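Peer 1: The listed protein sequences derive, respectively, from chains A and B.
For the first sequence, the residue numbers in my numbering are 1 to 389.
For the second sequence, the residue numbers in my numbering are 1 to 389.
These are calculated hints, taken from the structure and not from any lab test.
Note that the list lumps identical chains together, so a pair holds whenever it fits in one copy or between two copies.
With a Cα cut of at most 20 angstroms, we get these calculated PhoX-like pairs of lysine-lysine:
hint, residue 1, residue 2
1, LYS277, LYS160
2, LYS160, LYS280
3, LYS174, LYS160
On a predicted model such as this, the values are computed, not experimentally measured, just so you know.
Here's the letter readout for the chains.
Protein chains: 2
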Amino acid sequence: MNRTDHQNGEAAATIGALATPALLLDKDRLDRNLARLSSRMAEQGVVLRPHMKTAKSIDVAQRAYPSGAGPITVSTLAEAEYFAQHGFRDITYAVGLAPHTAARAMRLRKAGVDLKVLLDSPEQARMVGAAGRAAGVIPSAFIEIDCDGHRGGLTADDPKLIAVGVALGEAGVKLAGILTHAGESYSLFTPEALIAAAENERAAAVAAAKALRATGHECPVVSVGSTPTAHFAEDLTGVTEMRAGVYMFFDLVMHGVGVCTTDDIAISVLATVIGKKPEKGWILVDAGWMALSRDRGTAAQPVDQGYGLVCDVAGKIYPDLIVSQASQEHGIVAIRPGSAHALPNLPIGAKVRILPNHACATASQHESYSVVSADSDAIEAQWPRMRGW
Amino acid sequence: MNRTDHQNGEAAATIGALATPALLLDKDRLDRNLARLSSRMAEQGVVLRPHMKTAKSIDVAQRAYPSGAGPITVSTLAEAEYFAQHGFRDITYAVGLAPHTAARAMRLRKAGVDLKVLLDSPEQARMVGAAGRAAGVIPSAFIEIDCDGHRGGLTADDPKLIAVGVALGEAGVKLAGILTHAGESYSLFTPEALIAAAENERAAAVAAAKALRATGHECPVVSVGSTPTAHFAEDLTGVTEMRAGVYMFFDLVMHGVGVCTTDDIAISVLATVIGKKPEKGWILVDAGWMALSRDRGTAAQPVDQGYGLVCDVAGKIYPDLIVSQASQEHGIVAIRPGSAHALPNLPIGAKVRILPNHACATASQHESYSVVSADSDAIEAQWPRMRGW
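With the rest of the complex left out, here is chain A:
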């Protein structure tokens, strides 16, 4: 259901008329962010396979691919099905496989979608092989490589890597290639460390592909990616494909990492002042964790942004004004401790925009994007989001 329809019977025409809390998407910033990484990858001769887990929107995907569907990455099979319904045919499902997802993935493959799955064990290889036979298709799978201890996958020198390659062959599964994700890069915040993380990711991926090829396995795709390493990689020799998702919107965590400025952050939560506690230096707004998410990703960074950084309704940041606490439908806005800035004088009913810590988490709290441009208060469109699994 469209939220503005829900409230008013028709879509709000301006930011000022929008019911709050609402998720705003600045399409000029989105376009700039999309162009920045696609030119960077084009220069390096690497395919960009955007991760749709952040946006979960066909309208955003079409903004990334204005002249027709291209390769994408997804985090759920519901995303795969949604984007397939909208014409995307080259999809990598980048979460480890279980029996029920293997069967469901093969149904999509049977329907003509080149859906590739991810695994890191011989038992998963046998599982997807069986699912492929049951569906009457030849599965295609990536072997997950662990480049930094972040999550799943095998290290490039793990003998199990070759065993998985062998098991795939025996199970009748095509080896799509290897895939790795430098998830630990999110905790860095100097260019030197980010460049090193990108090189480490590349080196692990290339070493794994080399080990597989040395034992007779074709390994066509060498896929790496995280938004920080995608933007800081200086050399991608041997890499064929880059995955990233949050780069489309960016957020305060990515700003803390050093990948973007606050002016690049394309989404914000529009909120309304609903109370004041001047004796405590508090302004209460109607965006709590239900609208902002519980994500506190900047808490571990040099600058803790609370639950978000507060801007005026046009998007200009109030210096050091953050959402310092959040309950379900209330945000407490206050000046950052130690700052010399004063609390702005905002009356009940005033609107503010809040830049989020983590775009993936904040966007997932909303049904749709209210699309705006940089220099206008018009709501140009409502772009729905999909959800679920």
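Starting from the known structure of chain A, arrange chain B on it as the hints suggest.
Peer 2: Chain B only, in chain A's frame:
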């Protein structure tokens, strides 16, 4: 969309057949939790006005009121509209008022719903008065009292309290009464402190009502509430109404506070093992923060439960097994640091249940409840949840 329909074309009949991640609701535990607080309030002669912000489900509300709609509390006007559509007529919207919500609330009142709003300033009194006149209804408003510095409201001895009462009268708004919420009780964890917090909440509410009555304002309702204080209050003299929401489901935060046992927690997230890292002591499951929420409410408690406590598929807790880290669609399950317990041997495809930190936040990540009973693996029903604002 019903998730099981989405995947299979028909609802899964058993827990084992359910696609994961999925939100399970044990209706026997729900019924027991509902009965516990309603008997307690009946004994004390206090009206229970359940807060629907946790469940957001007409099926759960009907479980609380099996013989017909009763009084409820809501956190959004979308909830008010949803429950009104399902026959609820006595609704308190317990979030501070803004101009757009005042107008929308009065539309519901015009439609015959006894919707009461909340405010703490003369300007909000004038705002709702104007909205009432515009809609052709007499508004009814609670004055919010601050009993513990948690969020909004006026202290009982604040002279502005009487000024708001006067402003309501001048604006043609009926004073419904006073309303307070002991939100700081969530950070306590001894019976003595909880009993004291409940008494503090009662005393502040009664003092505010007394101050209003002493200056000629009728103050029919004295409304207090939080799940911890509702269960620990020893004396509710002068209180007419109790509000609580999370008591229906309970969660690990409430367990840490000491209000419930883990056997009372009625919701859990069903997840599947999708990977293993034995050398790190990790099991990877397909429930990350998208399924569990980013809530880390137990981090500040004596026992940190990570992103949740892991049980077998029947609901039996694995001692000291927690979701230690979460990314969007991955949970890392590990034994709590310092524990002597061993990691259980769970194969790829095995299912587990995860008890959540915070029921409100975890439930809001899901479209529906898969309803189960204590001693059966049958899915008895799918109860949809509403969302948005």
